[in-house]
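Chemist: Line order of the protein sequences matches chains A and B.
According to the numbering used here, the first sequence is numbered sequentially starting from 34.
According to the numbering used here, the second sequence is numbered sequentially starting from 34.
Treat the hints as calculated values from the structure; they're not laboratory data.
C-beta: ideal position from N, C-alpha, C; glycine also.
Warning: the hint list may mix true and false statements.
As the list claims (entries may be wrong) - Here are some chain B residues the structure puts well away from chain A; computed CB gaps all over 12 Å:
1) T40
2) A95
3) G193
4) G283
5) E295
6) W365
To be verified - Once the Cα atoms are required to be at most 25 Å apart in a straight line, the calculated DSS-like pairs of lysine-lysine come out as:
7) A:K120 <-> A:K290
8) B:K229 <-> A:K229
9) B:K290 <-> B:K92
10) B:K108 <-> B:K120
11) B:K92 <-> B:K120
12) B:K215 <-> A:K108
13) B:K335 <-> B:K251
14) B:K108 <-> A:K215
15) B:K215 <-> B:K251
2 protein chains.
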Amino acid sequence: MLSIEWTASQGWFAPRITPYQNLSLDPATSVFHYAFCCFEGMKAYKTSEGQVRLFRPDKNIARLNRSSARIALPKFSIDAFIELLSKFVAMEERFIPAARGYSLYLRPNMIGTQRTLGVGPPGSALLYLIASPVGPYYPTGFRAISLEATEYAVRAWPGGVGDLKLGANYAPCIVPQLQAAKRGFHQNLWLFGEEKFVTEVGTMNFFAAIRDKETGKKTLMTPPLDGTILEGIIRDSVLDLARERLKPEGWEVEERKFTMDELASAAEDGRLIEAFGTGTAAVVSPVRKISWRGRLLECGLKEGQEAGDVTRRMKDWIEDIQYGVEEHPWSWKI
Amino acid sequence: MLSIEWTASQGWFAPRITPYQNLSLDPATSVFHYAFCCFEGMKAYKTSEGQVRLFRPDKNIARLNRSSARIALPKFSIDAFIELLSKFVAMEERFIPAARGYSLYLRPNMIGTQRTLGVGPPGSALLYLIASPVGPYYPTGFRAISLEATEYAVRAWPGGVGDLKLGANYAPCIVPQLQAAKRGFHQNLWLFGEEKFVTEVGTMNFFAAIRDKETGKKTLMTPPLDGTILEGIIRDSVLDLARERLKPEGWEVEERKFTMDELASAAEDGRLIEAFGTGTAAVVSPVRKISWRGRLLECGLKEGQEAGDVTRRMKDWIEDIQYGVEEHPWSWKI
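Given these sequences and hints, build the entire structure.
Modeler: Written out as structure tokens, the structure is:
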């Protein structure tokens, strides 16, 4: 693991790479009481030539800095962190599986380590990085998930912190997830406001491909970054690739608000072509159906079909870049 | 410190009272990443006869259970925890200062201790209790605070977790607090919605005493428990005492929504008699002024005056009960 300590008076200390080991912390440490914690999820990939790559790491570290600043934790130089990350990944190269779909999951995490119960800015912090080899999210090919559109619990709010990777956004989502699971659904589809705007799915961003009622025009859409949506890096990549590669095929690509009613109407008219979640873990995660006020909306998949065409192509395009099949500036060589 | 471990498969383990010591936790422990933490703040008081008392401890432990259940952490028997708490406090009796205003602060805290990065319910948890002697919040008598009514950040929302003592509610409030402090204010006055309903002050509940424009009738009011307000135990106690002791004097006592506009209008008409925050730390905390959209609202205190009449009496009434000057069922003998 990589560890870097910080104090308000002395700033960042020298980074240390040590064997994986427990953290020994005073029981009054602020992370235990007031949720001074934020993190990132990243992966190191190995190309078929054995070269090690990172995917848009600058985006992760910039977001980590936005997260930490929002809870009065320090920022770290993006360039310096990527350099440390690269050294760490190079040292751990033997733990990066050499097959498509496999990677070394990297978890940078920052916690407030001040040992007092007063509610205030932590005077000390620890930024650390741990890692673990991971296999493909869908080892036997795509498996479409089903969602429960959730009205009784609200993940994020304007003026809140739902756009950041703070620990605070995660613990409150578990009970709704367990309740959805009890009713046979994999994830919550988080909504917002009286209009029931669609926001996110579980811990992923949400995309829907719909056909226009009048013009028949196809649109790939995702909710805009209005402060309630996590600024997902796969989300951003999907949008860029869609603009570059789907628009020439006649697709519209839109970041805009849409409601459950709009989605339900598209599903019931057979105009919901496909829907998927995006995130670092699965890249894209196809959605089969959404439970909404007693109805079960079909999301365009035929029986036996586990992913739509856009979902499949996005996964291939992004993985081609991650594994160096396609050379692209998003893929950083270590 | 008192420690009780829990696992999903085996339930609660035997409680242990040990010397105060660091917690040694795997860096992948869920509290560090997803804010699986909730706590309580309580105090043990010593009467002038040297008897040790707790103040409504059943309320704290019931709330701890509501908090923990909301983030998929286990509940603990209220009676059993109060018994353990009593044993602990009896053992630590020498650390309870024997003077009014002084007490032993007690911090029960529960954390998720599962050592995996998957976002799910923790399979293990640790409930622990630490303590520290504390002096009077206002050692030289009351000091009225000033508030900044905060529009750009929102503490809590319907369908969220703002009614509970989750760590997740605290870290996101620090930056707004620092910004208010930079402008010379002690705390944020948290608002909600387009109507700018008053909700809480810093980490306290909020009370305002106003005089009706038409009838001249005096009302002590606080926002209702609508899911965005912490269910404060001092809040509840103030309401009960106000109904019992202020109503016979002609006061109205109301739990109701009110807006910044209503408060501002009362302040500008000279009808805002006084305002205060309530919480375990200070019992009551008088408010001198509130910054609101470029105006500075005076909250009824004359120059040199640090607390209003209701504020003073509430503090005396509650402390009389806490320190056993007045025998009352809220004060539990250890």
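Chemist: All hints are to be evaluated individually against the structure, with a verdict given for each.
Modeler: A quick look at each hint next to the structure:
1. T40: Nearest chain A Cβ is 17 Å from T40 of chain B, so the label holds.
2. A95: Non-interface label on A95 of chain B holds, nearest chain A Cβ at 18 Å vs cutoff 12 Å.
3. G193: Non-interface label on G193 of chain B violated, nearest chain A Cβ at 6 Å vs cutoff 12 Å.
4. G283: 37 Å, holds
5. E295: 21 Å, holds
6. W365: At roughly 23 Å from the nearest Cβ of chain A, W365 of chain B sits farther out than 12 Å, so the non-interface label holds.
7. A:K120 <-> A:K290: 41 Å, violated
8. B:K229 <-> A:K229: With Cα atoms ~22 Å apart, K229 of chain B and K229 of chain A stay inside 25 Å; holds.
9. B:K290 <-> B:K92: It holds: about 24 Å lies between the C-alpha atoms, which stays within 25 Å.
10. B:K108 <-> B:K120: Given that 25 Å is the threshold and the Cα spacing comes to 20 Å, the pair holds.
11. B:K92 <-> B:K120: 18 Å, holds
12. B:K215 <-> A:K108: Within the cut-off at roughly 20 Å; holds.
13. B:K335 <-> B:K251: 18 Å, holds
14. B:K108 <-> A:K215: 20 Å, holds
15. B:K215 <-> B:K251: Cα-Cα ~35 Å, so violated.
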